Amino acid sequence: MNEFHNMVYLGVFLDEMDEQLRYLDEALLMLESKGYQNDLIQRLFRGAHTLKGSSAVMGFKQLNRLTHQMESVLELLRGRQLDVTSELLNILFDCVDFIKELRQSILSGALEEGDTSDLLRRLKELRKTAAESPAPAAEGLPQGEAGPVPDMIFDDIRKEQIQAAIDQGSAAMAVHIQLAAEEPMKYVRAKLVEAKLRETGEVIATFPELEALERDAQFSGTIVYILLTQQSRQDMMACLQEISQIEIIHTDPITKANLDTFTEGKEARKNSGYAAQTVRVDVERLEGLLNLVGELIIDNTRLHSVRSRLSEQFKNNSDVHLLNDIAGHLNMVISDLQEGMMKTRMLPMEHLFGRFPRMIRDLAQKSNKEIEFIIEGNETELDRSLIEEISDPLIHILRNAVDHGLELPEERAALCKPRKGTITLRASHQGNMIVITVSDDGRGIDTGKVKEAAVRKGFVTTDEVKRMTDKELVMLIFRSGISTARTVTDLSGRGVGMDIVKAHIEKLNGIIDIETVPDQGSIFTIKVPLTLAIIRSLLVKLGSSTFAIPLINVIEIFRMKAEDIVTIQGREVCQFRDQVLPLVRLHHMLQVEEGEHTVNGRLFVVIVGFADKRVCLVVDQTIGNQEIVIKSLGSYIGNVSYIAGSTILGDGRVAHILDIGSIARETGSAHDALLQENTVTAGDQDSQSEKYITFKLEKLDFGIPIRQMKEIVPVPEIHSLVSAPAHVLGMINLRGLLFPVYDIRPKLEMDSGEQTDGSRILICEVSGQEVGIWVDQVSAVQLLAREHMDEAPDHILQNPEVLDAVYKDNHQFIHLLNLENLLDLHACCITGPGSHDRSPE
Amino acid sequence: MLAARTEQYIIFRLVQEKLAIDIREINEIIKMEPITAVPNSKSFIKGVINLRGKIIPVVSLCRRFGLAESPPDTRSRIVVVHYRQEAIGIMVDFVEKVASFHEVEPPLESHEVQGVQYMDGIGMCAGELISILNIGRLLSDG
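Protein chains in written order, with the numbering used here: chain D, 1 to 841; chain B, 1001 to 1142.
Hint data in this document are derived by calculation from the structure and do not stem from the laboratory.
Quantities reported herein were computed from a predicted structural model and do not represent experimental measurements.
Ideal Cβ placement from N, Cα and C applies to all residues, glycine included.
Treat the hints with caution; some may be incorrect.
[To be verified] Below are the PhoX-like pairs computed for lysine-lysine, each with C-alpha atoms no more than 25 Å apart in a straight line:
#1 Lys696(D) with Lys561(D)
#2 Lys541(D) with Lys1042(B)
#3 Lys451(D) with Lys471(D)
#4 Lys471(D) with Lys507(D)
#5 Lys417(D) with Lys449(D)
#6 Lys1054(B) with Lys541(D)
[To be verified] Derived coverage of chain D by chain B (criterion: at least 3 residues anywhere in the stretch with Cβ under 8 Å from a Cβ of chain B; other residues may be distant):
#7 292 to 302
#8 580 to 592
#9 623 to 634
#10 651 to 663
In isolation and in its complexed conformation, chain B is listed as follows:
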């Protein structure tokens, strides 16, 4: 068991699962924007959006995890994180809250869980277990 931390996380939902991203990695959270697909690019890149005059890529977590994508609705959000000096959007179903975890445990060893290789650990919050995403690994080519 790792020591308790006081870092804050954004908790969001993807399909049925709750996930968390360290708040220090997040630039902003915006509403869904029209996404322009980029043909012949990496499979998990959903496309690009216009973020106040800058063109930034948007990544689909579902595609990354091999889940079926749900159509965007009014609660859909794009979490803009910074990765190697670039802003990159991550599509999520909806953003729940900001929270901090008392305990963070290492991720499950099991390979049954989808996308486990992109997890940093599992946090406990209000009796729920929430996977913490490792942005670096999530966005790298692997």
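Pulled out of the complex, with its shape left as it was, chain D reads as follows:
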């Protein structure tokens, strides 16, 4: 229907449309929540006007007509001839939706415009109601023709100028001039006015700037001149009468009193969105540049390994020192360059989050719920390709939060919660990851119902379900069957589309986690890498080969004894804290010859996570983490199982990047079938016995529950702290994290001993903090049966609260420590003089 579509500008037009639609949506939402505000109407007007202008240029006649009608309605609104009613808002929202759809259809290649007649009719009817109702008083502008008044902002210099002029007795005024609508040479006419005004005084500013007139699509025809003059208003008016084709609307005197009101306009200016200095660049060009940066990073890593070898060899050579300097500088420049390149691909989350308030509003209306929607971290930046990908999962999660998470206002009132439910969407950076959380204060996930649904669907048997932990139950909602539309209604817990969410997160190499408390709400946490091209990864050794594991997937590294691996149904699993996890011997999977990967009978195990799955990988050695550039193996080799790509290491060799997704999918699903068996034993253990790590201090045996343990490390260098009590040995640096180290002997009325070969630091979690505890020797991990435990004999101990119990059987007598009471971290970590007094000198 439109013959002329300027394809070159179509992209720009669509971008502009997107931008304006966002402003329109935003302003309409504000209008709905805050009621009539002049600047909101101005913003809406500007949006509609811009769209009107550009649609005319692009030849979208329907859009042009629609936006024109929208403008007319907004004008009535501004003139207070129409009130902000829900009907009016709905029509305007519908118009915005229509334009959104139009944009989508243009994007997908169809240049057909939809039918606007219905909307046009509704807009016209709306205008009729305005005409019939008497226009409220003189507040409306007398000249219906006048466009919106441009924003007037004075910077400090102008402000001073005006102040000085007023001090010297001149009058300062804002002269509002309206150019005729059909004026073809706006700039010339405007210049003429300026010249005339200059005869009477000094024009210090115009709004908008005259030079920008021709370019400014939002120019409404009204120009404000700020004039400093000694002459009277009448003289000035007479002077202007000589110019034809203009209308003088009015003059506002500027006094010291109202000067500040002009400076306040700044915010509106910022929001109007045409201030940013940007260049639109083809994404492909950026991709190309990013690839080059990738090459640089690889070469830089190589250069550094050569450099360190050279400086070993020629310690005193001045050229080598020079090389060191240059390499150091180059390193800095490259990392800045990389960061800069990344930033060019980054978009603030605002682009994504901006769509949600509108969605939540519609959902709330549909479901009759009252919702306070809070967005935090709008400025957090994410790679643009990721922003698109993360959108769908977020929509699903938010929709679930509204549909199933939040209760109806009446229900909430009955539960003594505020009638308005709160949903918070938050984005933040965490290292090289972006963390997005969606939290609500609704009813939480009802594990009972998930259980029912899962059993009914036949995913798990009743017996299995009984043995699952709450966490495992919650994770069941990611099973595809549980989330089919039919079950949702009777499940009435969350579940719609969660499998889609999972699939998307998997695609992005991310992790999803859920926390939920009945009647208090749920928190969904999504972690995704900042970018897909350059990632941080953990390098591990298998036999003689090096492999990279994306750091985002790495959850924990620990060492375990080979004996602790249990084989169930022909598959190996290991128990870590309270979880039973499948164990994968990468050697078999990756056809690497099995090396000597047991150091003192201990295995290195890396726990990796992929979406909702967790798997333990056995490796020979962990090397460290490094920034790597992902490269493809090329189409000749094609897709290889368990390998996501390759990278080039510092020594120039190629290392493969493990495809954690396929490894986790393969073993994770096999693991599900095993859960049953495992949890039988785990469950039994829970009730009758518990695993403890036992250790020696002097000659005595002590035990700490294994669930509190994080890690056991050999004693590193301990950095003493000033003014620390005797039982604080100092701080240790473990992979960049600082942990305080306690010597619990003074607390236990024991003498301090010397460091021996057997000395270890136990990293434990005490009162929510991770701390190190010095021990003389770690004995074993033991299952201690509850029947052999007795309460501490409090009448013979000085402070019995440091012991949970004592364990005794025929061979041993173990003190089971209560670390919370022993360290007393709640009382401000360091308990002060009290502990000094007791500690033996």
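Given chain D, work out where chain B should sit, using these hints.
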């Protein structure tokens, strides 16, 4: 008998046999590089190397022909050829010379010769018979 040709070939040695590759199919010849094996890939792919920042696959002719591989030494080379817009390395024991053949005969019909299906023909050079490799067939999946 086919007509005499003037095309140039790189003559190299693999175990006991001399083979030739048309020089127009070759990008470059490089020294042995550390090769990273690619688990779970085609059996005749030895692995991948880093060629000036690009990762390229390396094919073992011995494995392709079903011969025992000899350990690489200082004379071992990787002949980088182009195949379907990709660079692919071929491991050879050592590169002898560049030559052209006066006569090229069709390959032997016999199936006793290993890898005969990857040959284009047999060239005569200084009294020696040298098999000419067909890169396309050699690298295709068959």
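For which of the previously enumerated hints does the structure constitute a violation, in increasing order of number? none
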